[in-house]
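Visitor: The primary structure of each chain is shown beneath.
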Amino acid sequence: MGRVVLVTGVAAPLGARAARRLVDDAGIERVVGVDVLPPRDDLGDVRFVRADIRNPVIAKVLAVEDVDTVVHMSVVAGAGRAGGRAAVKETNVIGTMQLLAACQRSSTVGNLVLKSSTAVYGSSAHDPGLFIEDMSPRQLPLTGYAKDSAEVESYVRGFSRRRPDVAVTVLRWADVLGAGIDSHDSQLGQYFGLPLVPTVLGFDPRLQLLHPDDGLAAVNRAVVAGQPGTYNVAGPGVLTLSQILRRLGRATVPVPAPGVGTVGQALRRATDLELSSDQVALLTHGRVVDTTALRDRFGYEPRWSTAATLEDFAEATGRGPLDARRIRSVEQRLVAAYAAARVPRGGTHDA
Amino acid sequence: MPDADIIPLGTRGRPGRGSRAASPSKAARSLAPPSRTRTRRSSAAPGDEGAPAADPPRRRRPRLVRPDDGPSGTAADQQAPAVPDDRTGDSRTVPAGTDASPDRTRDADTKDAHTRGTTQPDGAGPEGPAAAEDGAAKAEAAEPEAAEFEAAEFEAAEFEAAEFEAAESEESWAGDAVTAALGFVRRRVTGDYEVDDFGFDADLTSAVTMRVLRPLAEKWFRIEVRGIENIPAEGGALLVSNHSGTLPLDALMTSLVVHDHAGRYLRALGADLVFTLPFVSELARKGGATLACGDDAERMLAGGELVGVWPEGFKGIGKPYRERYKLQRFGRGGFVSAAIKTGVPIVPCSVVGAEEIYPLIGNIPALAKLLKLPYVPVTPTFPLLGPLGLVPLPSKWVIEFGEPIRTDAYPDGAADDPMLVFNVKDQVRETIQQTLYTLLMHRAHIFY
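Protein chains in written order, with this note's numbering: chain A, 1 to 351; chain B, 1001 to 1448.
Heads up, some of the hints might be wrong.
Derived DEER-like restraints, expressed as beta-carbon distance ranges [claimed, not checked]: (1) B:Arg1214 <-> A:Leu196: 32 to 42 angstroms; (2) B:Gly1413 <-> A:Glu90: 28 to 38 angstroms; (3) B:Met1419 <-> A:Asp25: 53 to 63 angstroms; (4) A:Ser136 <-> B:Val1212: 35 to 45 angstroms; (5) B:Val1208 <-> A:Pro254: 44 to 54 angstroms; (6) B:Ala1177 <-> A:Asp25: 36 to 46 angstroms; (7) B:Gly1303 <-> A:Arg105: 43 to 53 angstroms; (8) A:Asp45 <-> B:Val1189: 42 to 52 angstroms; (9) A:Val255 <-> B:Gly1303: 26 to 36 angstroms; (10) B:Gly1294 <-> A:Asp45: 24 to 34 angstroms; (11) B:Phe1314 <-> A:Glu311: 55 to 65 angstroms; (12) A:Val255 <-> B:Leu1388: 28 to 38 angstroms; (13) A:Pro236 <-> B:Gly1413: 42 to 52 angstroms.
If you want a taste of the chain B side facing chain A, the calculated C-beta under 10 angstroms gives, among others [said to hold, decoys possible]: (14) Thr1190; (15) Tyr1193; (16) Gly1199; (17) Val1274; (18) Phe1279; (19) Cys1293; (20) Asp1296; (21) Asp1408; (22) Asp1416; (23) Pro1418; (24) Met1419; (25) Asn1423.
To be clear, the hints were calculated from the coordinates, so they are not data collected in a lab.
Since we're looking at a predicted model, the values are computed, not measured.
Positions of the beta carbon are idealized from the N, C-alpha and C atoms, including for glycine.
Start from the sequences, fold in the hints, and give me the full structure.
Guide: Structure representation (structure tokens):
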């Protein structure tokens, strides 16, 4: 008998892609996608069940479908279509609690895969250069997605204590950046796309990016190969924020740290980009994680480096006004002009 | 001598050494072994035999030939043979025709000159020009690629055709400073450079930071470097140094010296405060620094980096001027555990001269508390002259790298043995303190 996998959050692009990937896997008989909203993308052979993980009906779904593996993808970063911040928190935290309660009762569920985030490490000036999985945050994230992720992880830890027979895999994704990713899954793409990007004056954070293909491949592997544990998932290499914005050709406007909150509020009103304090902390101090465990213990080697992920994103979404090509041509002109100015003096260039 | 009060009398050296360098006290003269003194004098000035008291008053600082004055090799070599060893100084023979009054001050200085002649004189070391050329070479390498791109993407006819001809026919301008600078600016503006996991930006560091610091090191502080060969050419090593000077210029200068003379980047471990401050944190990360914590130190050492640590921290850098050159507590010894865990050698480094750049004579604790800083310094110039007070005094610096202390021979789990860690920590501290004393004894003057 083949395996039955339940994927939550399939209305969002990442959840839908994760479900489609799992359906294609030979060892998996059936994939059930659950979300409170109808999916926007084609789900292929995934059986979609419109259900709210915040109420006990999810337990029935688990029982009816004989689910043995639960992939929890619906802890989301931004409001997206779901409404305000309060609604997001409700889905993230209460949804997870309800889902875990259902899993605990279920006799069939043997695997749980959680898509978490490296945001659980927080961002502060007291951080070590790289976080490994068993480090705790130096400053607990107090707001937003980071706090939700930390709470969700703590519920999952509690679950795994109560049900030690269930194999739990927690994948902490770095900020995911790619063409099809909306603000639901990561706010960075939208932030990079602003016509004038506000940065924190005097700070240049180190950031790590994750290509959606790598993240989804890791989820796939967690379901198929089963290597329980907690793993950081991020593209190798590091870019500083200034470097990212320059490579994207974006114009920046540095804002002194005390004024960033005001700018964030203004942005919230004008766009659906939400610069909560955990996001501001990330854009001030940055965060880098160590992915040795992912490669050595989990057995997955990310194929997209941070720089390649950014390049892919830039190709897909276009570059800003300060395009590298234009700047290169300006440099060429200056060099040529300089050379031309020197030729008469040198007098040996005619040959 | 200004530093006389902290040289421990009777612990080393010869009687009379400490308080009155040039003219020993009566008590000290009676302690000195008479025979050796006489032998020396007789060889130099036969007329004064047996009459030490009648010795002419010695000049406090005899004029001497510094290597800076002329070609360093020759000046030093002429005097050097007279000084086989500092410790056995009394058995030396003074060359005929020299002044009869050379005393130990002079000997110390000739030794000084000798060392300086053999190590790096002022000016760029062998790596200096090489590093400068590196940037130019990079720009040159980027050139053909850039030209190719130009050809494919932009059609601007004559103007560029001429440019290509120029590029092909003549190489002489391609690698020169203007082109290199333009290439550098283009790389910066387009983000076309690499940083490592800790945010270290080698491109920026060697092209800008080091270039800004170099004149300060060479012209202002005239740093003399000793024992540079003690820095391993490759592999992980932990450089441990004393910390002083109100602002951490000593860390910057040590990084520069290591870069220019040993050809390596020093990866500094900085205090939390460094990473809290705007601009400072950005520059620190780009310059290769990271937070002083065990995880980062071990990661860098295991990665084969040369890591610098200043274990005295704020206690050392913010100590009052009257306590200069007295090493403070060396933290909790975390740096020793990191070195033992990764099995890398510890290189003690002693910096003389940094204590005098901003003599700390006071502190404003209330303001410090308000600004959340460890101290707000008062120096003879600082709040008084405003920003002008930020100009460091031009003291003469000596940076000496001591012999590496091996940590790879300890058994497994040694890093978790606090007694061993404390012992190694004390050993490092003592080495640095003794080197400081020795350097101070040989220092002629604070400013030259």
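Visitor: Check the structure against each numbered hint from earlier and tell me which ones fail, lowest number first.
Guide: As far as the earlier hints go, 2, 5, 6, 10, 11, 13, 21, 22, 23, 24 and 25 are violated by this structure, in ascending order.
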